[in-house]
Each structure stands twice: as C-alpha cells, then as structure tokens.
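Residue numbers (the working numbering), protein chains in the order written: chain A, 63 to 308; chain B, 63 to 308; chain C, 26 to 323; chain D, 26 to 323.
Some hints could be false.
Mimicking BS3-like on lysine-lysine, the simulated pairs with C-alpha atoms at most 27 Å apart in a straight line are [to be verified]:
1. D:K189 x B:K137
2. A:K111 x C:K160
3. C:K270 x A:K88
4. B:K273 x A:K155
5. A:K117 x B:K137
6. B:K258 x A:K263
7. A:K258 x B:K258
Just some of the chain B residues that point at chain D, by a computed CB distance under 7 Å [to be verified]:
8. P136
9. R140
10. L152
11. Q154
12. A164
13. M165
14. K266
15. R267
Rather than coming from a laboratory, the hints here were simulated on the basis of the structure.
All C-beta atoms in this analysis are idealised placements derived from N, C-alpha and C, irrespective of residue type, glycine included.
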Amino acid sequence: MITFDNVTKSYGTNIGIQDVTVKIEKGGFVFLVGPSGSGKSTFVKLILKELTPDKGSIKLNDLEVNRLSNRQIPKLRRSTGIVFQDFRLLPQKTVFENVAFAMEIVHMSQRAIRRQVPQVLNLVGISSKATKYPNELSAGEQQRVAIARAIINSPALLIADEPTGNLDPDTAWEIMRLLEQINHRGTTILMVTHAKDIVDKMEKRVIAIDKGRIVRDDANGCYGAYEDEKLPGFLQMGGVFNNNAE
Amino acid sequence: MITFDNVTKSYGTNIGIQDVTVKIEKGGFVFLVGPSGSGKSTFVKLILKELTPDKGSIKLNDLEVNRLSNRQIPKLRRSTGIVFQDFRLLPQKTVFENVAFAMEIVHMSQRAIRRQVPQVLNLVGISSKATKYPNELSAGEQQRVAIARAIINSPALLIADEPTGNLDPDTAWEIMRLLEQINHRGTTILMVTHAKDIVDKMEKRVIAIDKGRIVRDDANGCYGAYEDEKLPGFLQMGGVFNNNAE
Amino acid sequence: MLNSWKCAFKQAFKQAFRNRAMSVASMFSITAMLLILGLFFILVVNVNMVSETAKKQFDTIQVFLLDETTYEESSVMLADLKRMDGVSEATYQTAKEAMDKWKVKWGDNAYLLDGLEDENPLPNSLIIKVSELEKADATVTRLKTYDGIEDIKYYKDTVDQLLKITGFIQVGAMIVILFLVIVSVIVVSNTIKLTVLAREREISIMKYVGATNWFIRGPFLIEGILIGIVSALVSVGIISFIYYKITELIGPEIFIMLSTTMVPVEFLIIRLVWIFLALGISIGACGSIVSMRRFLDT
Amino acid sequence: MLNSWKCAFKQAFKQAFRNRAMSVASMFSITAMLLILGLFFILVVNVNMVSETAKKQFDTIQVFLLDETTYEESSVMLADLKRMDGVSEATYQTAKEAMDKWKVKWGDNAYLLDGLEDENPLPNSLIIKVSELEKADATVTRLKTYDGIEDIKYYKDTVDQLLKITGFIQVGAMIVILFLVIVSVIVVSNTIKLTVLAREREISIMKYVGATNWFIRGPFLIEGILIGIVSALVSVGIISFIYYKITELIGPEIFIMLSTTMVPVEFLIIRLVWIFLALGISIGACGSIVSMRRFLDT
Ligand SMILES: Nc1ncnc2c1ncn2[C@@H]1O[C@H](COP(=O)(O)OP(=O)(O)OP(=O)(O)O)[C@@H](O)[C@H]1O
Ligand SMILES: Nc1ncnc2c1ncn2[C@@H]1O[C@H](COP(=O)(O)OP(=O)(O)OP(=O)(O)O)[C@@H](O)[C@H]1O
Ligand SMILES: [Mg+2]
Ligand SMILES: [Mg+2]
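Isolated chain A, as found in the complex:
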C-alpha cells in the first residue's frame, strides 16, 4: 500500500525525516510512534503530498506520489481518509456539514449524505452535536468529528495523526474499537500515537521513529522499552522533592 524508499525531508536546517525506507502492506494496521518532533507528522504529510520530499520516492499503491501533478493531488487525498493532528475542521460549517463536505467532494448524492452522515456521527458518539460549529465543541468532540470525516467515505487507506490525543481513555478505546472494525473490513490503517497503553494492548505492528530515522519496526510490538528505565528515576526525583518539602 505505502512504500517509502530512502525518503529524506528536511526543513532548512531542521530534520523532518531522514533516509526512511519502509513498506506498509495493504490491510495492515500500523502504529507510528516516537518522541515529540521525531518526524511522525512529516511522514504522514509526505504520503498526502502536503510536503514534497527532498530525496527518495514514495509510492501509494502503484502511484508515484512525487510525480503527481497539481491536478491529481485532490484525487489522492479524496481516496484517503485523514485525521489531522490539529483537526482541520472548517470553522464556518457545522459538524454535519463538515462531515458532509467530505462526501460532497466525491460527488455523492444529497440522499446518501443525509443517510450516512448521522450514522457515522453516531458511531463516533457526537450525533447530539450535529448542528454545532467546531468552536462550540470540546477538543475531544472536535477530534471525533475529524475521525468521522476521515472514515465516512470508507477509504482504502486511513491515516490518523494522534486521533486519541484529546480523548479520555474510555472514548479512546471506543475509537480504537471502531478503527479495528474498519481495519477488519479491509482498510489499511496508519496511526500516529503517543498512547503507550493502547499500542501495548493492541499488539499490532509498531514502527518507532526517532530524530527522523526508523529505529524499530516490530510486528506485534509495544510502545517502547526506554521509558521503563526512566520512570523509576523520575519517581525517585519526585521523592527527592517530597523530602525537600517536608
């Protein structure tokens, strides 16, 4: 489905990603993890041609993404469901219209829109907010609207950049269940996340990235081992503070 071949993308002196070579199979469910600023969002943006790589080639199915003309980009994006880290909801449209918009751009009929949108809103648990505008929603609710918009067209590929960052554990798990369901229907899922417990419990393939390079690629992996070493250190320091205070 997705093939990165020696891809490098830097922002001036900042490293985005560096020499990344990776392949994600059709129908897979992949977690992309890594510390803040390690290049995860850059990876995602490259797939959607929001950014152009400095070097290397990116393939989506058999499509050479770099070679797409400006006219072909909308088609690429329409065939992919995307949950952006910053939601990117249209501020002038209601929740319903935001989700409907994704269907309108693929020229679905108004009838189909009126039938499917409420279903999806229900699925992510925000059907009661259909007529609200994004700025009238809590962060978690906005995130769920973004998820609804991404999945409404049953895309072959769903890319989610931190889709549970603003959700409480319960809702987060519900969303994960939803994603797993969608994955089982055949959709390839690439999910960027920091949620250690989710990654650990799901036992899916985990690609770990650090400073723009892939440092680990585990089928059935877990979030990462490094933090186990540091946590006691932290608790110890917390202890030191406590002692000082007492």
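Assemble chains B, C and D with the ligands onto chain A, guided by the hints.
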C-alpha cells in the same frame, strides 16, 4: 486559592458545568479528569473569565471573578499561568517572542527577558527552536512552548488544560517533573488531563467531572475505576474481530 | 454537474451569510467605488451635453459677397453649397436684411446706425449653417475657390477654442475615468484579497481534505458575483436618487444659465445599470479568482 | 513608559513587515483613495483659478453722464466713489476717448464709425473697476443716488451668471469632495477592518494571555499610522508627478485658451503633503482603533 460555589454554566441547551462547588487550596496540585465534553475546559475558562457563569460565584484568592470589570481582567490573567488545550500561540511571533510576550505584558525589562526566556525554553526542551514560528513546529513542540509561556512569570496559579496531550510518554513525564518542581516552589497547579498513567502514578488530588457535575474528589486519587470494567469487554470484542479475520 | 452548481450556489449563499461582516465590507467597498465612477459618469455626460449645445451657437459662416456679384451667381453658389457634406442650411441675405439684424442686435444703441441706412455700408451675404462644427473648415476651404466673394467670416477662433476645450474635457474625462477604474479595481481586488486571506485556513483545509480547485473556487466565485450584483444595484439606486434630487433642485437654474437641460435620470439609469452590473460582476468574479490563485496553486 | 513605546514601535514595524501582504493591501487602498481625492483637489483649485480670472474681465461698471454734468461735479463723484468699499479704481472718460476705444475694439469694421466722429453720439462717462465682483451691486445702488447720471452699464447678467456658475462649481466641488472623503473613509476603514478581522485570532490570544487593551492596540495603531504616512507620501509623489507632466504638456495651451496659467506644482505639493498626511494618519489611526473595538470590548 480557587473557590467555586454552586457554579452553573450552560451554552444554550448544552451543559457546560452544573452546580459545581469545589475548593482548591493554595499550594495544591489538582488533577481534573473526566470524559470528553464533560466540562473540564469550561471549568478552566470560568476561572479566567473567558466565560461568565450563569449562576454561582467564583473566587480566586479573595477576588470575586464575576465582579471584575473589563479593565481588571488582564491583571487576573497575567497573574495566572495558562496552558491552553489549543496552545494559542501567536502565529506571527517566533517561539522566543511568544514566550517573551508574556514577560512584556507584565513590563519586564528586555534584559530580564533575554536572560530568562532561554532558560525556560531549555527547561521544556525546545531551546533549539527559539527562532522558529509556531507553524514550523510539531504539535508536541508547540505544546511545550505553551507551557514555557505559562510558567515564565512564576505565577501563583498555573492552569494547564491537557498539557501533555501531544507529548510522548518520556517528554510528558519530564513536563510532569517540571510541574511538580514548580508546585514545590509554592505554585498552585490545576491540571486537566486524560493521561491515566500520569494521574495514577502521581497520587495527587483528583477531581472527576462528568456531564458537568463533580462525581468524585479524591486526595491521593487515581484516574478512575470505570475503565477497568470496560477494557476486558473491548479486548473480548477485539478477539471477536480477530476470529472473524482468521 | 447541474447538481454540483446548485450545491455551489447554496454554499455561496451560506458562505456569504455566515461571513456577513466580510461580505458587507466587500460590498461597501465595491459600492463606494461604483458611486465615484457614477459621479464622474454623470459629470461627463452633462458636460458633453453643455458643450454640444454651446457648439450649436457657433455653427454659422457668413460669406460677404462683392457688390458686383449678381443674385444669379450667388444662387449657383447656394445650390452648390447646399449639396455639400456638413452644410445643413444656406440662405441669401441682402444688405438691407443684414442692417435690420444689426439694429435688432444693438438694441438701445441702434440709434448709432440711423445715419448709415441710406448709404448702407454692409454687403449682401450668404449665411451658411454647418451641421458639424468640425466640418466648417472644409466648407470654408471650398468657399475660397468661388469667385465673387469679398470676405468669409466665421468664428474660427471661438470655434477652435471650443473644440479644443471640449476635446480636453473629453480626453481628460477618459483619463480620469480610466484612472478611477484602475483605482477601483485595485481597491476592490484588495478588499477581496483580504477577504480571501482571512479565509486562507478554510481554503487550505478544503484542499487537504481533497477538494478540487473548482470545487473550492465555485462558491467563492458565486459569492463574488453576488456581491458584485448587489453592489451594482445599490449604487445605481443611490446615484439615481441623488441625481434625481439634483435635477429637481438645480435643473431649472442650469437651463436658464446655460440654456441646456440636464441629462434626464432615465437616460442615466438605463446605461448605468448595465455598465455597473458588468463592472460589479467582473470585479467580483475576477477579484475572487485572482486573489484565490495564490492559495490554489500550491 | 518610554520603553514600552519603543517596544510598541518595534512591534509595529515587525508586524507590518510580517503582514506584508496585508500592509501593502491597506496601503494600496489608502493611496488609491488619496489619489482620487488629490485629483479632485487639483481640478477644484484650477477651476477656481480660471473662474477668478474670468471674473476679473467683468469688473467694470460704466456710468454714462448726462451732457449737462460738469467735470467738477463728476470729480466729486469720482472722489466719493474711490472711497467706497469694493472699488479699486475709478476714472473719468471723455466721449472722445470712448469713441477711440470703440474703434480699437471694432478693428476691421471701424470704418462704420467714421461718419459719427463729428457728431459723437457717445456721452462722457465714469469707468469704475470693482475689486470684488460680489460688491458691484452695492456700488451700483450707491451710484443711483447721484444726480447727473444718464445710465449705468455693467454686465449684470453675465456677472450674475458667472457668480452662479462659480458658486455651483464651488458648492458642487465641496459636495463631491465630502462625498469622496466619506467614501474613502468607508473603503479604508473596511480594509483595515478586514486586516484586523484576519488577525482576530492573534488579538484574542493576546487578550487570553493577559495583555491590556492598550498593549494590544499600540502596535496596531502605530502600524496604521505608518501605513497612513507611507500612503500619503506615495500619493503626493504620484499626484505631483502626474500634475507636473500635465502642466508641462497642456499648460501653455491652457494659457492661450483661457489666459490663465495652471496652478503651479509647488503650490499644490505643499498643500497636498499636509492635507494628505493629516488624512492618511487619521484614517490609519482611527481605522485601526475603530475596527479593533469590537475585539477588545468583549
Ligand atoms: N514547517 C516546518 N518548518 C520547519 N520545521 C518544521 C516544520 N514542520 C515541522 N518541522 C520540524 O520538523 C521536525 C519533525 O516535525 P513533525 O511534525 O514531523 O514531528 P512529530 O513527530 O509529528 O512530533 P509530534 O509528536 O510533536 O507531533 C520537528 O523538529 C519540527 O520542528
Ligand atoms: N462555545 C460553546 N458553545 C456551545 N457549546 C459548547 C461551547 N464550548 C463547549 N461547549 C459544550 O460544552 C460541553 C463541555 O465542553 P468542554 O470544552 O468543557 O469539555 P471538556 O471537558 O474540556 O472536553 P475535552 O476533554 O474533550 O476537551 C461540551 O459538550 C461542548 O460541546
Ligand atoms: Mg505531529
Ligand atoms: Mg477541553
């Protein structure tokens, strides 16, 4: 420090918070948890008079927040450090300037600004990004800038709405250590979060809110028990999916 | 396709309504510029009318005949002249008739001429009226080829001056109107650019979600056109009203002073509606397309 | 305090630079509006000059004396007249002098007057020049109280007409300029409103972080003023250049046609700089303050 007395705030038909009565002591470290859309951000916004309550009184120290005139609001906000859930960085200013801005509005000298800003940026681990603009940062980096801006004036009260939502566990823990350090120096901290492991391990006071009402208030509490019951259910369902796929 | 245009229209109306502040702002700017243009249009049309009337008063060429020229010879000239292009009238005037005219003209001072009647020093003459002042010169050139003519008199200096002044006014007005159109386009496209700039994020989000350029442009375009139409109609309304009031107020005085009526309101409205609609729509449409280009091309 | 103004200035420059697109857009709009205003200013100043010159040509009152009025009697009148307010010159003209003037005036046709010289039908007269056309009527009323006067002649109709026309032009120009100023203010404040609207988020963030209204307003205000100043200078430059070119091109012709020179460029520049700076600065400053109000009052 903060006293809510029977405070209700609704948005039209939407409930924000309802009949909330709570007191947070000076020097305390309090977690505010609850499902998405339960009214946590509303609670925070009420303290800063970003919203006005429909009913009830809110006191900050001995200040009756509702009774503040428009001219007094800036003073209230300047005396409080705030990390917004949506960061709210000034897009036209660099990281350095964003943090410096918080010092400028309290009329600190340029010398003090030039000394302290780099220190704080270093503390949150983004000193290398000082000259970047917010839209050139990853989400986690933006969040850390927001934290730096909130703590730079050593406020007596620090309110953080989901300050680790976009951070990897390592960085999140570093930030938590920082907050604890600040707390030990006497700053009252109110932190809204969904990070179950952080809340559980910190063993601080936890106020749980649901549908706008306070449902639990534990000194040395944990994130919540409810999810323990549901998790097995989810795993079970995941199992069902797996069976289907095989 | 039809469906998608219907959709675009609905979107445009919604957008325009939800962006009330911006739509109203753009509308105000376009209306303001059209008002200025309209004002100038009115000035130019009326100045033209006045100068046309003024020119009519200098359309006479006097041809003084030699005393020895017979009536028959002059009749031949007259017939020839009448056939000329640009001559609307040509008559024979005897010395007696000329003297009578002078007397009328002199009014109170006519007694000065009393002594002259018997030995009338005035010659017989031909009085030629030209239809277009610009052709008077050609007529005079032709006249000079005739025999039996003592002198040709026409208000060459006045005519030349008048032609020059009206020419200047016309050229000046064209320059000013051109200038105003350019300024209007700058101001309005700026306004629209700002409108679009303020919605940069909205546009970029649409792109990220996979909307094609025309899908995004459609509603903006229609919105621009709608704003253009509304502005055009509003400004025609305002201009017509003001102009109507002005004609009512000073029209009669102008008539007395310059012996021309002002251009009637209806004449203006009909022309202005079309000019303004064309301007408003093209400004609105081009404005939105041009100012969106930089967001769409990336 | 001083420090904070320095800071505000630095901020304003940075802001203006980082918001180049917006700043340039506002600047264009303000410049455009000032250009239109300047154009009108030029027109009005020149029309005024022409009409003043025209009025000078009709500043003469002719007083025809009865034949029996002696030179001494008329001298008394003359002395009295010279003391009158609004009279700049008063001279005695004999019948002979008057006839000579007529001859000069008639030029080619002067031979018509030849027979009249001996029995000169023209009376002695007083020639009065008035300094202000508007006071001619008062002078005439005074003259009528004198004895020994046969008739008073001055171009009352022409003068009245001229006064009316120049009056109309002046009132009209004031209305048009007022209208233009209003339109400019609308357009420019719209532009600034849009600029601010596009930075609504920025302003609200500053408020949430605890900045006072003046702290936020300062840089915007200074930015507005800077833009106003730049626009004023740019438009004065453009106007002066264009006007200079125009005077060079058609100045001499205008002089020949209307026997007035055009208003010199320097005269215009000095006035325009101040008017435009005042307008630009106040538009920029008021624009930004007014359009920020709605964000700051909440
Ligand atoms: N537009 C940009 N201009 C310059 N540098 C950028 C830009 N976007 C990202 N970067 C830098 O590239 C690096 C990778 O950013 P990226 O957004 O991919 O990180 P990330 O892994 O998504 O982090 P997070 O978990 O915090 O979202 C960061 O150091 C960031 O500062
Ligand atoms: N401006 C608004 N207008 C209308 N309703 C609003 C507005 N802001 C919030 N709400 C509603 O009030 C409720 C509480 O919102 P709030 O932002 O306080 O939730 P939260 O606890 O912060 O959620 P999250 O964890 O997702 O951020 C939500 O149902 C939300 O839809
Ligand atoms: Mg990211
Ligand atoms: Mg919230």
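We went through each hint and held it up to the structure:
Note on K189 of chain D and K137 of chain B: the hinted pairing is violated, with a Cα-Cα distance of about 64 Å set against a maximum of 27 Å. With a CA separation close to 70 Å, the supplied pair K111 of chain A and K160 of chain C exceeds the 27 Å bound. A hinted pair counts as satisfied when its Cα atoms are at most 27 Å apart, and K270 of chain C with K88 of chain A does not qualify at roughly 76 Å. Taking the CA atoms of K273 of chain B and K155 of chain A, the gap is near 25 Å; set against the 27 Å cutoff, the hint holds.
Our distance criterion of 27 Å between C-alpha atoms is broken by K117 of chain A and K137 of chain B, whose separation comes to about 51 Å. Between K258 of chain B and K263 of chain A the alpha-carbon distance is near 15 Å, which keeps this suggested pair within the 27 Å criterion. The suggested pairing of K258 of chain A with K258 of chain B holds, with an alpha-carbon distance near 11 Å, which does not exceed 27 Å. Checking P136 of chain B against chain D: minimum C-beta separation of about 5 Å stays under 7 Å; hint holds.
Given the 7 Å rule on beta carbons, the hint for R140 of chain B holds: about 4 Å separates it from the nearest Cβ of chain D. Because the beta carbon of L152 of chain B sits about 6 Å from the nearest beta carbon in chain D, less than 7 Å, this interface hint is met. The interface hint given for Q154 of chain B holds, since its Cβ lies 5 Å from the closest Cβ of chain D, which is under the 7 Å cut-off. Hint on A164 of chain B holds. Least Cβ distance to chain D is approximately 6 Å, under the 7 Å limit.
Interface hint status for M165 of chain B: violated, as the beta-carbon distance to the closest one in chain D is roughly 11 Å, over 7 Å. With a cut of 7 Å, the hint placing K266 of chain B at the interface with chain D is violated, because the nearest CB-to-CB distance is about 26 Å. This hint is violated: R267 of chain B has a C-beta 26 Å from the nearest C-beta of chain D, more than the 7 Å allowed.
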